[in-house]
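Bring the two chains, given one by one in their own frames, into a single complex with the hints.
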Amino acid sequence: MIGLNHFLVFSGTLFCIGLFGALAKRSAIAILMGLEVMLTAVNINLVAISRYVTPEYLVGQVFAVFVIAVAAAEVAVGLALIVAIYRNRISVNVEDFDWLKW
Amino acid sequence: MIEFSLNNAWLIPFLPAVAFALIVLVLRPLPRVSAFVSITCILISFIMAISIGIGVIQGGEKFVEEPFKKAVTWFSMSGLKIEMGFQIDPTSAMMLFVVTLVAALVQIYSIGYMHGDKGFSVFYAYLSLFAMSMLGLVIAPNLLQMFVFWELVGLCSYLLIGFWWYKYSAREAAKKAFITTRTGDFGLLMGILLLQIFFGTLDLQELAVRIPNFTEYGLTAGALTLIAAILFLGPIGKSGQFPLHVWLPDAMEGPTPVSALIHAATMVVAGVYLVGRTLFLFKTVPGAMAFVAFMGAFTALFAASIAITQTEMKKILAYSTVSQLGYMMLALGAGSLTASMFHLMTHAFFKALMFLGAGSVLHAMHNEADIWKYGGLKKYMPITYWTFLIGCLAIAGIFPFAGFFSKDLILEVVWANSTLSGHAHGPFQGLYTLLFIMASMTAMMTAFYMFRMFFICFHGELRDKHAHPHESPFSMAMPLVVLGILSVVGGWVGWPGLTEGKAFGYFVRMGEFEIVHANWTLIISSTVLALIGIGGAIAIYWKNAISHEELAKKFAPLYKLSFNKFYVDELYLWIIHNIIDGIGRALWWVDMHIVDGVVDGVAKTTKVLGSVFRRVQTGKMQHYALVLFAGVVVLVIIMSFADTSVASLSLLGGGR
Numbered sequence: 004m005i006g007l008n009h010f011l012v013f014s015g016t017l018f019c020i021g022l023f024g025a026l027a028k029r030s031a032i033a034i035l036m037g038l039e040v041m042l043t044a045v046n047i048n049l050v051a052i053s054r055y056v057t058p059e060y061l062v063g064q065v066f067a068v069f070v071i072a073v074a075a076a077e078v079a080v081g082l083a084l085i086v087a088i089y090r091n092r093i094s095v096n097v098e099d100f101d102w103l104k105w
Numbered sequence: 004m005i006e007f008s009l010n011n012a013w014l015i016p017f018l019p020a021v022a023f024a025l026i027v028l029v030l031r032p033l034p035r036v037s038a039f040v041s042i043t044c045i046l047i048s049f050i051m052a053i054s055i056g057i058g059v060i061q062g063g064e065k066f067v068e069e070p071f072k073k074a075v076t077w078f079s080m081s082g083l084k085i086e087m088g089f090q091i092d093p094t095s096a097m098m099l100f101v102v103t104l105v106a107a108l109v110q111i112y113s114i115g116y117m118h119g120d121k122g123f124s125v126f127y128a129y130l131s132l133f134a135m136s137m138l139g140l141v142i143a144p145n146l147l148q149m150f151v152f153w154e155l156v157g158l159c160s161y162l163l164i165g166f167w168w169y170k171y172s173a174r175e176a177a178k179k180a181f182i183t184t185r186t187g188d189f190g191l192l193m194g195i196l197l198l199q200i201f202f203g204t205l206d207l208q209e210l211a212v213r214i215p216n217f218t219e220y221g222l223t224a225g226a227l228t229l230i231a232a233i234l235f236l237g238p239i240g241k242s243g244q245f246p247l248h249v250w251l252p253d254a255m256e257g258p259t260p261v262s263a264l265i266h267a268a269t270m271v272v273a274g275v276y277l278v279g280r281t282l283f284l285f286k287t288v289p290g291a292m293a294f295v296a297f298m299g300a301f302t303a304l305f306a307a308s309i310a311i312t313q314t315e316m317k318k319i320l321a322y323s324t325v326s327q328l329g330y331m332m333l334a335l336g337a338g339s340l341t342a343s344m345f346h347l348m349t350h351a352f353f354k355a356l357m358f359l360g361a362g363s364v365l366h367a368m369h370n371e372a373d374i375w376k377y378g379g380l381k382k383y384m385p386i387t388y389w390t391f392l393i394g395c396l397a398i399a400g401i402f403p404f405a406g407f408f409s410k411d412l413i414l415e416v417v418w419a420n421s422t423l424s425g426h427a428h429g430p431f432q433g434l435y436t437l438l439f440i441m442a443s444m445t446a447m448m449t450a451f452y453m454f455r456m457f458f459i460c461f462h463g464e465l466r467d468k469h470a471h472p473h474e475s476p477f478s479m480a481m482p483l484v485v486l487g488i489l490s491v492v493g494g495w496v497g498w499p500g501l502t503e504g505k506a507f508g509y510f511v512r513m514g515e516f517e518i519v520h521a522n523w524t525l526i527i528s529s530t531v532l533a534l535i536g537i538g539g540a541i542a543i544y545w546k547n548a549i550s551h552e553e554l555a556k557k558f559a560p561l562y563k564l565s566f567n568k569f570y571v572d573e574l575y576l577w578i579i580h581n582i583i584d585g586i587g588r589a590l591w592w593v594d595m596h597i598v599d600g601v602v603d604g605v606a607k608t609t610k611v612l613g614s615v616f617r618r619v620q621t622g623k624m625q626h627y628a629l630v631l632f633a634g635v636v637v638l639v640i641i642m643s644f645a646d647t648s649v650a651s652l653s654l655l656g657g658g659r
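Just so you know, the sequences run in chain order A and B.
75 is the number that the numbering used here gives to position 72 of the first sequence; each next residue is one higher, with no gaps.
421 is the number that the numbering used here gives to position 418 of the second sequence; each next residue is one higher, with no gaps.
A portion of the hints provided could be inaccurate.
To be verified - Which residues of chain A face chain B? A few of them, derived with a C-beta cut under 10 angstroms, are:
#1 A25
#2 L26
#3 A27
#4 K28
#5 R29
#6 I32
#7 V95
#8 V97
#9 E98
#10 F100
#11 D101
#12 W102
Unchecked claim - Examples of chain B residues toward chain A, derived with CB under 10 angstroms:
#13 T621
#14 G622
#15 K623
#16 H626
#17 L629
Hint data in this document are derived by calculation from the structure and do not stem from the laboratory.
By construction, the Cβ of each residue, glycine as well, lies at the ideal position given by its N, Cα and C atoms.
So that you can see chain B by itself, here it is in the shape it has in the complex (with noise of 0.2 angstroms):
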């Protein structure tokens, strides 16, 4: 079983795209049939991912040092040669178990929250289609392979969010994905495009080799930073960062298991797992690494502090998602493979189980968005209510819950890139320092806001008096329970002690293993801040010791500057309509007048010429006899003036 999959993990990606076929070609009027086709497949590739996780950790060292590749060639000319195929290693191994997981819970847990939609094969249709794009992204050899893969999966987070098209929030929120994320995968495109020029090659394996020795290439250090910072356009579009991050809170008009699926678990995290499987590249020039820690540090901030005021359930995990991503690239950016993957693993458990709970919430409560509708959910929906706390403790990173482990890895890899280690070496460490500062600011604003919600939602009375909350039902119910086990034991294979240190630090990496010992200090600062975030939320949300509305008012500019998501929907408008528009404008004008102007002017000139020349064609025989006889007179006496050979004749038009 295990050989089989590892000699055939193509199957992984391609089940879901016979699914989706399936769907698509036969089985849509049948919704039940469609749902258990994609259900099936996903689950046979889920077996399949497991047993490749399995395969791998049995293989250890072989697995990490020399990847399994197989593959076949796409098309080759002279200097280009692209390759089709998998490669198989303990990065792309832990993401395809946690894609075929997540994916398989977010099918089942569909079954119920879909009940009765319409587009309810469709909507199958479209996860097994997402399925396959972000598998054969995963598993992809070469970077082009990984951009078709990339798209694929940028068109179906654009046919989710605006699965439910009649809604006019749904459509344009659709196309601000779309349209956002595709500005950030030009410069990806550019990117690939330079790192073939340069280097001749886009295979994963070869670039690892041949972009440590750049200068042999003819590229100075300066030039590859460049060509980092481009390539890091993609995965800022894709994976939200700052400032491209505006299209992800937005998507949330996607059914709910969308967003648990793509916009928080798997495909936002693309952007993270592309910068990890180039590694190599922004690892050679210490500039790109700043850059990208910075962005990420930067971006989990700013989304932090958004999240914070924010009043819909969907928009908070939103915003909390993005402030997520950016600590995923904080810790690429700090140069560790290991955490970022851990943190991805364990942010898809606990973020899609919030995800799914927050669907189970809004099922409950008919879509309403607001959270100050909700309040004292708990004792009608106590399955939720309970992995939803398990989800907010693994996220604010409290003991033993899975986010401890992965946060506090982060803390600690930035920790030995600063100053503050005081082994650190570069000339990027104060940087780092500062870095250190907000990621544990982050943490403590995380866990004040998820509580924030939690406490809300949960707590207190209904205040919606209207409504009435229910349970869901156990399609919906299972995944939830699933994902609260993960989100506690998840973190535990990142546990320092377990196994003589083979842990997961030990098959997910890049160079060379490294035990990371327990910083106590970090763990119990970090603790410390979850604890006054959680205090604080306990405070004002729960014990109702300090009014919110009262502290909002205290601190109105920087309440209103959250609330309103520091303008920068804002101010993209004003810039698209001012000076976008403008260049448009001025760009028109260059074309109504002189490129039209060139076309146009041609004509005008013939018609005129034409309009002189016309009075010539008199319509009178008689003129034109007088200009032939005219004619002949002139030959005439050329002829008379001139040699009569019959070479000259013939220059005249006559002779033989």
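Only chain A is shown next, with the shape it has when bound in the complex (with noise of 0.2 angstroms):
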């Protein structure tokens, strides 16, 4: 029988693989890939919650579905910033990200 504690390992280990990739790739497309693994792991969670603690609501459920959705506008956002970085620096690279530094 599966129960939520499956689910949370498992959107548990989602997240590290998410944390990971944002963290450690050079590619930004790769690190907003990651990201999007991170949110999963985030929706797997609150719709795991929301199906096991309190079945009668379905607050978690509706939340995933806006994540969901923040996720998307998200993305588009950044594919544009990727972009308009490129234009500007002929890469993707995030190593050639550091304007900020001093």
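If you want it as structure tokens, here you go:
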């Protein structure tokens, strides 16, 4: 029988994979993908807790839908930024994006 | 008139102040009007001063015992009350008379002397400002007001010495005068502060009551002597006493009327006047008296020995002034206000006369300063010649000229304090014996160098063949004649036999009135000394019986020492260049490396720390994100081990 713990472990693992991708990847596209994975992990958490802890309310489920919508918008903005930076720098490598440096 | 003048004595300094303001603000483009306004104001002051003098003489005993004082509160706080006002007693009345008289004569004289000068109006403005300051000083009832005007006369002296500012030497002399006197004024200010701290008042009459009981105010005799010595630094600077006398001969760079007014007759005697005003302080401690007397006698002898070899008319007169100021100090140190003030008055007459005479000669010789270029001026300028002769006889102390009486009185009071008199007491009578000998020698030397200058200038043949000397205009000759008359009769007011002893000494005095009996030994010996001096001058410089050049060669080391003013200026220059500058350099090093080092060090530390920690800012988003998540992880770990109550959450920054 699959329980809440399985889902939590699964989403935790997924979150860590996404985090690793976001922190370790060089390509800006890959980082965005990592972020998406992290959001997905959060969504799974929300849905799972909604299902097992408060099955009479749909709050968690609805919240997950919102997160998906926001994530889509965020990806659109993120990709637009990457395109803009690419036009400037001819690169999507985040190693080159160090303009905030001292 | 007398009543009005006494009650409104503040008008005497106020009128020249008005003249000053008018000239500076309105009348500057009109030189003649400026001179007219200035002279009118000082003449009105002079008339008021005379009526005050008459009032004081009529009042007699009343004014001696209790000075007429009127004052308003300037400012006050608990334990400190400073007044502004005036105090009229015989001493200040005498000074008012002398200052207004000489100031008026000098202003009249300046019409001729400064004729055509570009700064004619400004010159009168300064003279008026000076008259205001000096008269304010004279009538001051307390030491602070005196100090304020004391500094003002110093300022006027500076302005007038540097009046011909386009001359390098004049500028330098002005600076030297100001800085040197300021050095002494620092001591004066300290002395005034100490008196205020210990005695709680600066009012002269109050101090006169309190100071004799100084033990009640927690002072020892030694401490009071020290205070008196510190206070005395001011007069040392202002009255050109050794070792701060160096500015006075240089001050002769100013126009000659200025030399006559400020650096002979009035301002330089401010120091003597101040000591005279605070004589109760010095009289309380015999050590301070001996100090004042010694400084005076030493300065007198020292300056006289320099004057013997100088070759510029005004320089000789300047050193003679220093010497005579020393005489006045000596009289004060011997405890006689009478003798000092008497000599101050007669000296004002004959020294102003001689300076104005020198100005007349300079005017005729087109500012040629070297006396060896003159000669035979007698036939070109008779008025100057005869008045100058009177001045020389007066300063030499020949009967019946003014200087005879005052100089004799000084010698007499010093004599009375010495072992020679046989009825002196106190620990310093031996010193006073020495001082008496020094003063007598000075008298002889004075007679010698004065007549040396006199014969070189006025007798023999004119040495500068290109010069065309001429007698000075009326405006310059008139003051000479007036001062000449005063130099003859001025001393008679101190004639012991005059009007049953109620002469000068009856009014201007401190303590009980004593009739000074003529001391024939002294009178004869001092006259003989003066005649020896004059005789020497006649033999060397008129009859040429002894060659002065060979004399100079014979005593070459002494001559050089005297001619170079005992190298005091060089010594000061050496001290300033080596010691003062050395200290300055050391302090500069401290400032650069230690004071600035601390400030720079703080800045440098910040900079170094910044350059280390800026490495943290890599500019790469992923690094920031890593740190952020690492923080989250740390928080989670802490929370999983710690108590997760609301309180601990709020410690971590969360919760409510």
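Now for the hints, and whether the structure bears them out:
| no. | hint | in the structure |
| --- | --- | --- |
| 1 | A25 | holds, 7 angstroms |
| 2 | L26 | holds, 5 angstroms |
| 3 | A27 | holds, 8 angstroms |
| 4 | K28 | holds, 8 angstroms |
| 5 | R29 | holds, 9 angstroms |
| 6 | I32 | violated, 14 angstroms |
| 7 | V95 | violated, 13 angstroms |
| 8 | V97 | holds, 6 angstroms |
| 9 | E98 | holds, 7 angstroms |
| 10 | F100 | holds, 7 angstroms |
| 11 | D101 | holds, 4 angstroms |
| 12 | W102 | holds, 6 angstroms |
| 13 | T621 | holds, 6 angstroms |
| 14 | G622 | holds, 3 angstroms |
| 15 | K623 | holds, 5 angstroms |
| 16 | H626 | holds, 9 angstroms |
| 17 | L629 | holds, 5 angstroms |
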